[in-house]
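The lines below spell out each chain.
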Amino acid sequence: DAGVTQSPTHLIKTRGQQVTLRCSPKSGHDTVSWYQQALGQGPQFIFQYYEEEERQRGNFPDRFSGHQFPNYSSELNVNALLLGDSALYLCASSLAGGAGNEQFFGPGTRLTVL
Amino acid sequence: AQSVTQPDIHITVSEGASLELRCNYSYGATPYLFWYVQSPGQGLQLLLKYFSGDTLVQGIKGFEAEFKRSQSSFNLRKPSVHWSDAAEYFCAVGAREYGNKLVFGAGTILRVKS
Numbered sequence: 001d002a003g004v005t006q007s008p009t010h011l012i013k014t015r016g017q018q019v020t021l022r023c024s025p026k027s028g029h030d031t032v033s034w035y036q037q038a039l040g041q042g043p044q045f046i047f048q049y050y051e052e053e054e055r056q057r058g059n060f061p062d063r064f065s066g067h068q069f070p071n072y073s074s075e076l077n078v079n080a081l082l083l084g085d086s087a088l089y090l091c092a093s094s095l096a097g098g099a100g101n102e103q104f105f106g107p108g109t110r111l112t113v114l
Numbered sequence: 001a002q003s004v005t006q007p008d009i010h011i012t013v014s015e016g017a018s019l020e021l022r023c024n025y026s027y028g029a030t031p032y033l034f035w036y037v038q039s040p041g042q043g044l045q046l047l048l049k050y051f052s053g054d055t056l057v058q059g060i061k062g063f064e065a066e067f068k069r070s071q072s073s074f075n076l077r078k079p080s081v082h083w084s085d086a087a088e089y090f091c092a093v094g095a096r097e098y099g100n101k102l103v104f105g106a107g108t109i110l111r112v113k114s
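Chains B and U, in that order, are what the protein sequence lines are.
At position 8 of the first sequence (counting the first as 1) the number is 8 in the numbering used here, and the numbers step up by one without a gap.
At position 78 of the second sequence (counting the first as 1) the number is 78 in the numbering used here, and the numbers step up by one without a gap.
Keep in mind that the hints were calculated from the coordinates and are not lab data.
Values in this document were obtained by computation on a predicted structure and should not be read as measured data.
Ideal Cβ positions, reconstructed from N, Cα and C, are used throughout, including at glycine.
It is possible that part of the hints are untrue.
[What the hints assert, rightly or not] The following label-pair restraints were derived from C-beta to C-beta distances:
hint : chain 1 : residue 1 : chain 2 : residue 2 : range
1    : U       : Ile-11    : B       : Arg-57    : 29 to 35 Å
2    : U       : Gln-45    : B       : Asn-79    : 29 to 35 Å
3    : U       : Gly-53    : B       : Asp-30    : 24 to 30 Å
4    : B       : Leu-83    : U       : Trp-83    : 33 to 39 Å
Modelling step: build the complete structure from the supplied sequences, incorporating the hints.
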């Protein structure tokens, strides 16, 4: 049983560009959350998708958007990249039902903005 | 506002010595509490979680944590540290009122000396 997978592993972009990160949830999971982990910090919640809709959003600008597909996989899009967007982006999957459900994390995508 | 504080950025312990990592939270709801571990280049792995009931919870790899409501703390402990425990440890809090969103502390880097 594959866990949460993310692609690509690493990515280098320049300021102003746009990027798309992808996530496949653990088998049987229907909820995907995205987190940003800047260097030396803990992960920060970006947003969560369930039933192909954004259900919750953290304190991130509209440049950050997402999508969930019918097979529960998800994409994170970031427009107009800034240097400060350089971070490890983590995807987590879970079953809908509240905070008691364990979130399984993928290995992350390391984004570098030059 | 929801917040998690891990007061120690770095901790160094000798192999075989006991370990305690501190975590304090501020949350406007009944919290669910988690400890995750992250090795370099890896995603987050759940060590243990507390939802309700017995305030001393056992996790994987010989870790345990104790929930103290009066102190708003959820400290992680291990009686005898192994060199393979060297990693970064994150405390996180969630609540049913906030869905599956997790709020993380800044992390504690554990170094193990032989």
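These are the hints, each one checked on the structure:
{"no.": "1", "hint": "Ile-11/U <-> Arg-57/B: 29 to 35 Å", "in the structure": "holds (34 Å)"}
{"no.": "2", "hint": "Gln-45/U <-> Asn-79/B: 29 to 35 Å", "in the structure": "holds (32 Å)"}
{"no.": "3", "hint": "Gly-53/U <-> Asp-30/B: 24 to 30 Å", "in the structure": "holds (27 Å)"}
{"no.": "4", "hint": "Leu-83/B <-> Trp-83/U: 33 to 39 Å", "in the structure": "holds (37 Å)"}
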